[in-house]
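Student: The residues making up each chain are set out below.
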Amino acid sequence: MLKAMIRLQWKGCWHLVVALAVAALALPIVSVRTGWRSSGEQLPRFLIELQLWGLFYPALAALVAVTLAAAIWASDRRGHHIYALLLPIPRWRYVLLRYLAGLVLLLPLVLALWLGAVIATSSLDMPPGLRQFPHALAVKFGLALLLLFGLAFAVAAASRRALGIGMKLVGLFIAVHIAVILLSPRTNLIWTVMTALSTWPGPLAPLGGRWMLIDV
Amino acid sequence: MSRPVLGILLLALAGPAAAQNAAAWRDSAYRLSTERQRVWDSLMQDFSEAEEIARRAGLVVSATTEYRAIAEDVLGRFDSARRRWFGPALPAAAGFRITLRSGESWSFGRRTSGPQSLSIAGIPDTDETFRLAPFVPDETLGSAEKAAQRLLGEYGALMMASAPAAIRGWLRAGSLTEFSVDSRREGAMYSLVTGVGKAQRDCVRGDSQSCAHALGIRRSGDPDAGGEYYPLVRADLLLAALEQGGEWAWTRLMAVESGTVEQALAAAAGMPADSLLLRWRDGLLALQPDRGPLDLSAAGLILGWSALILAAGLGIARWV
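Protein sequences, first through last, are from chains A and B. When the letters of the first sequence are read in order and numbered with the numbering used here, they come out as residues 35 to 250. When the letters of the second sequence are read in order and numbered with the numbering used here, they come out as residues 1083 to 1402.
Think of the hints as simulated: they come from the structure by calculation, not from any bench. Hints should not be assumed to be uniformly reliable.
Claimed, not checked - One side only, chain B facing chain A, incomplete, derived with CB under 7 Å:
id: 1; residue: V1263
id: 2; residue: Y1272
id: 3; residue: V1275
id: 4; residue: T1276
id: 5; residue: R1287
id: 6; residue: Q1370
id: 7; residue: P1375
id: 8; residue: L1376
id: 9; residue: I1384
id: 10; residue: W1387
id: 11; residue: I1391
id: 12; residue: G1395
Ideal Cβ placement from N, Cα and C applies to all residues, glycine included.
In isolation and in its complexed conformation, chain B is listed as follows (with noise of 0.2 Å):
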């Protein structure tokens, strides 16, 4: 039979078919994703091998094998640094946990131990719990330290999730607490005294209101006003501010829901803005190496091993 009079008699033959039951499919897709729910679930709540380590003042901390030495460690790291900022606060009422994870390890083609984990959990840790689960290299698991800083970190991120949307829009980082004190504050005072525009410069001698509008707080209306500082350094001016309010200062901060960036720092600081700008700055200047390239003690050291080589030059000096 000749192709087209096959087609022919096929387009004859055809009827209506019967209309797909989307239901079918679009069930079996909501099945598959509960699946895969309760398989991400398990992985984040539990790896089979972690123990409860520690409780402290509504938080726990479990880990498996390798890690259980440092874990009550770091749980009194990780708690005494978010108390300095966030108080007894919480990212949600339903709690939070976070586990760092590391891979398998392997040596000359032998894998030596499995995946390992150190989990911070914020009772109650519910299945409504906010969780993260970051994987990280061993050399963060290795120290307590690290570790800490690492959860810190995380816990910076879910704690600004739950912010207030103007100081979220304003701040325009992810975590407050990504890097350590020490770093941050030294990057803010790099940013601080090295800012060429006019209200950075104004800034740094001392008047409020331009750093108030290098910080993005409130604008000055001066168009010669130049740019704004990096997000470093709003995240170093909020920190400051938790800091100054003591215990409930997220809490009274968190209560400016609708309120501009300025109040809600105010807020949090327990201070007008322009004073706490100032405390701020002040503090920031502070941390300025207070030598230059030479010290005392360095030319002290150079002249004395100046003088023995001399006198070792004097000795060893021979003619034949």
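So here's chain A without its partners, still in its complex pose (with noise of 0.2 Å):
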């Protein structure tokens, strides 16, 4: 059934796919490239350079996750999800299929950002203290995608009822944070949750640090 269902969700992204492939081929190769025509005789600039580009890296994996996610559960939005409710299996199996079966999507993409830092590195005339990295690169993407997709995946195989639940909350806390913030200035609610989130062992810690294909 994995392999149906892998079909199906080709069948309806296949396009998404060849053109988020194309994008993380061409996000190495132009990071280097130009920063290398520019700033090839001052490498200190040109690894600043890097530094910035590595932006695009998880950004990109953002991208992709929230795209995924929503084309995959799309076309069982669009019938009400009758298809699904037909099916003789239990329904987190359902969802399970597609999660697995959206992963499989995935692979394309971190295989193409991987190409293109190999490609991106090779003949490049680098001093022999700077080392590379363009595996440890894409293992890194592949890492972000898998994390960035569950939680894309997460709020698109939700109900809207389980979706309007969670707006409330969230509405709710912000109200909470404003209450809190009128009556004590200096407690930031938002803040100390962006902070438990971006910060170890939150889930977003290890998209941050360093996505350098060239470092020191």
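Bring the two chains, given one by one in their own frames, into a single complex with the hints.
Tutor: Encoded structure:
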């Protein structure tokens, strides 16, 4: 059944996968070649430019995750999940099959980025002190995709009722935050939550750090 | 009377004038200069509320009200740091005085506190002492670490002013200790590994002759050797030599008054220049991060959170 699910999802999303794969292939090549052409003689500046380009990797991962998660569930939403309800399998198994098929769709994107990183770093005349990380970067991108796809998939798989409850909880949190900040201006709940999510061991912490294809 | 007639009469009646006495002007300028210096010295030497807080091995720290709490800590940090490179040496026999000053504090149109200061002096603190009194932001004096670092930066400038001419000319920088150790070493490491010239690349590969050329110590004679490292890298080498040489490294360096930079560095470090260069290079390369963009703990964290999110997704997914 997994193969059937993969074929079904590929039919619906292949154009998105191809477009995003091209972006993933081009990103490392453009980042390195652009920086090398303009700052090849000033490597510290080249590394700073490369570090700025590194912000595009988690951004691309987020874009891929949200796009594919929405596309995977688009047909079910259009048909009000009637097809899924007719299938003689438990709900959780159906969702799991969708998820695993979605992961298979992510593989070409990770491979495209890895290929782009290898092409970008080949034939560059690097000083001996600098090191290249095409494989590590591709693995990190893949793991970031896994995390962000899981988040987007969970939201996309939720029912309208569940999403409505989620939005109400967010609204309530914002209302509490405003009330707290009026009573105690130094207390910032939103900042506290963002810090907790983005620092160790929060889920967004591994998405930070250096996304450097070439580094010291 | 017409103007031309008036002009002729004035010319005719003009006689020799007494020569001006420049001495009076000179004395006046001298008195003003002395008065200005007296006011400046008073400002440098003493804030009315500053009190001596602690003494340690020939150093005295004094501070006004707001900074008394950190004064002793600042003294300890400053003394430990400066001994690491300069030992017991002072910029001059007459001592020194560095006063960090901050301005008044205002809040909603009201003055909440007057100017504050924190001073470190090297005994004897006489009238001929070197004095520095920079204005600093409040945040510098808010932390003992930052205050000590700023004092150390100013102290480095004083020490460099008394260094041999060859070292001063080679270093081309105002202060050795302007940056913290970590940021200086990281900057030097970056410069070392990102050098694009032939000598710079060979230095990373372990050729001490190339290192000497890239650091401006000794010319290699190779026309294709390429450029040199920035002054920050030279400062790092000099401090590495002083640290290697121990307590009397600075004194030995000062003794090489008319020697070359290579001789001065070797004297300071207590070893041949080539050995110093290779040791310094190895030290910088050891600062390179030992991992790339990915580490195992981050990968484990991602897998853990992904499993949790999947379980949550399977649980909350509902059709109606």
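Student: Going back to the hint list, which numbers does this structure go against?
Tutor: 1
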